[in-house]
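Enquirer: Chains A and B are the protein sequences, given in the same order. In this text, residue positions in the first sequence follow the working numbering: the first is 361, and each later residue adds one. In this text, residue positions in the second sequence follow the working numbering: the first is 361, and each later residue adds one.
Just so you know, these hints were derived from the structure itself, not from any lab. In this text, all values refer to a predicted model and were calculated from it rather than measured experimentally. Careful, some of the hints might be misleading.
For identical chains, the list gives no copy identity; a pair is met inside one copy or between any two copies.
As the list claims (entries may be wrong) - Straight-line Cα separation of at most 25 angstroms, DMTMM-like style, residue types lysine to aspartate or glutamate; simulated pairs: (1) Lys427 x Glu509; (2) Lys427 x Glu396; (3) Lys427 x Glu503; (4) Lys427 x Glu409; (5) Lys415 x Glu503; (6) Lys427 x Glu388; (7) Lys425 x Glu396.
Protein chains: 2
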Amino acid sequence: MPGKQAASAEETANAGRIRRGQVLHIVESAERAFAEAGFAGTTMTRLAEAAGLPKANLHYYFGTKEKLYRAVLENILTLWLDDMAPIVPERAPAEALGAYIRAKMGHSRARPHASKVFANEILHGAPHLRGFLTHELRRRVAEKTRVIEHWIAGGRMAQVDPVHLFFAIWAMTQTYADFDVQMRAVLGCAALGTAEYDAGEQTVLRLVLHGCGLETNDTNEGEQGRCRS
Amino acid sequence: MPGKQAASAEETANAGRIRRGQVLHIVESAERAFAEAGFAGTTMTRLAEAAGLPKANLHYYFGTKEKLYRAVLENILTLWLDDMAPIVPERAPAEALGAYIRAKMGHSRARPHASKVFANEILHGAPHLRGFLTHELRRRVAEKTRVIEHWIAGGRMAQVDPVHLFFAIWAMTQTYADFDVQMRAVLGCAALGTAEYDAGEQTVLRLVLHGCGLETNDTNEGEQGRCRS
DNA sequence: AAAGAAGTTGACCAAACAGTCAATTTCTTC
DNA sequence: GAAGAAATTGACTGTTTGGTCAACTTCTTT
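All chains should be built: construct the whole structure from the sequences, respecting the hints.
Expert: Written out as structure tokens, the structure is:
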């Protein structure tokens, strides 16, 4: 028998093991379901099916549909803010903005459902995200705005409104997750693949960097990145 | 007494007068309601309240909630395609793209509800717009893509992927209608006014035109277009 | 002004909904 | 392995939903 300290540490590590696992599993499957139909359009029965569990089990862990939805949202929010990390005054503007755009495009591709849930929430007035928008996000944008104003004051990039620049970057990158159906229809392909994401990233990089009066290290000329079909 | 022909013409003009008026009124008020909560989140009772009519009256004119929703969508679609009219080979690229961007920004400001209903529909897989996306929109984009390729071939603008350029313009302009809550929170203002729309338009114009290697006739330097509060 | 067509509406209904609960099983601890 | 805690689940419930309908009013035509 292990000593009491060891057992206690093991206990606390073990305690709620099932709970943590189930909560994570339900939140992840719910993200996909909410992305497909929005909060109002997703039924508890559908969420239960998505998780492969009986409805009552979801209520056991989350109480209400709204609390489950909030858990999904909170799981997503950190992603948004953390992407902005590359934007620091020490880095060169082109490099920092480029890294930010690449990170955002990467998230659109890796976590399209998260982006859609977020977009849906904002679209309908952000009733569950007011605090996040007016505090965390606003603060973070103000902080990064100062970095960009510092670059502009130092003559390192053109005079662009930093806040509207962020709006533009968010819009252009997130649209690859949120409006993928429209893109697939226009491009005539079944799914957005590496070719489409690369072409999109090149375009966004080009617009932002040239728009800010910065150089692009654009080596691949002829590439157009359409889909084959 | 007017002659039979005159009376008949008057009749046909008059026939369905009430119907046309009510249908238009219901569709317009429903656009706002659907924009606020999406298709699933909007109840027939809410739609009836928005129109100031009893629920049964809406069913008299549209039959089902879905048919009313489709009527709202169809009312919106023409807007999207018509905006692309300025893009013709005869015009200078900067002028044509500038006019297009201004038209799209104007619609975001004038018809934000229409934009939100459209965005919500695409976000959830466009179940009612598949045909529009894969036929009308696709054809129109292909047509305008040829114009841009013509400009590029003539050395009149930089080599930018035309389709992804459209995606970028759509995203940047529509975000001013769709994500207004986020913008208001970040900017700290109660509503997006002329100052914010002007700053946004300047930013979008700058990114697109510089991104395409075109000149901007940017005369207003110091303007930053924040809100006062 | 008669008569039919068009429009209006309160009361009603079956289905779907989020949420509850008690009975049961599985896990953890000693 | 006993006993309690945590997790699971089928059956149930009150409410809300989209949609119907028959009675009624207003409009249009002759």
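Enquirer: If a hint holds in the structure, say so; if it does not, say that too.
Expert: So, going through the hints one by one against the coordinates:
{"no.": "1", "hint": "Lys427 x Glu509", "in the structure": "neither (40 angstroms within a copy, 50 angstroms between copies)"}
{"no.": "2", "hint": "Lys427 x Glu396", "in the structure": "both (18 angstroms within a copy, 21 angstroms between copies)"}
{"no.": "3", "hint": "Lys427 x Glu503", "in the structure": "neither (31 angstroms within a copy, 47 angstroms between copies)"}
{"no.": "4", "hint": "Lys427 x Glu409", "in the structure": "within (18 angstroms within a copy, 29 angstroms between copies)"}
{"no.": "5", "hint": "Lys415 x Glu503", "in the structure": "neither (43 angstroms within a copy, 50 angstroms between copies)"}
{"no.": "6", "hint": "Lys427 x Glu388", "in the structure": "within (14 angstroms within a copy, 34 angstroms between copies)"}
{"no.": "7", "hint": "Lys425 x Glu396", "in the structure": "both (16 angstroms within a copy, 20 angstroms between copies)"}
Taken one by one, the earlier hints fail for this structure at numbers 1, 3 and 5, listed in ascending order.
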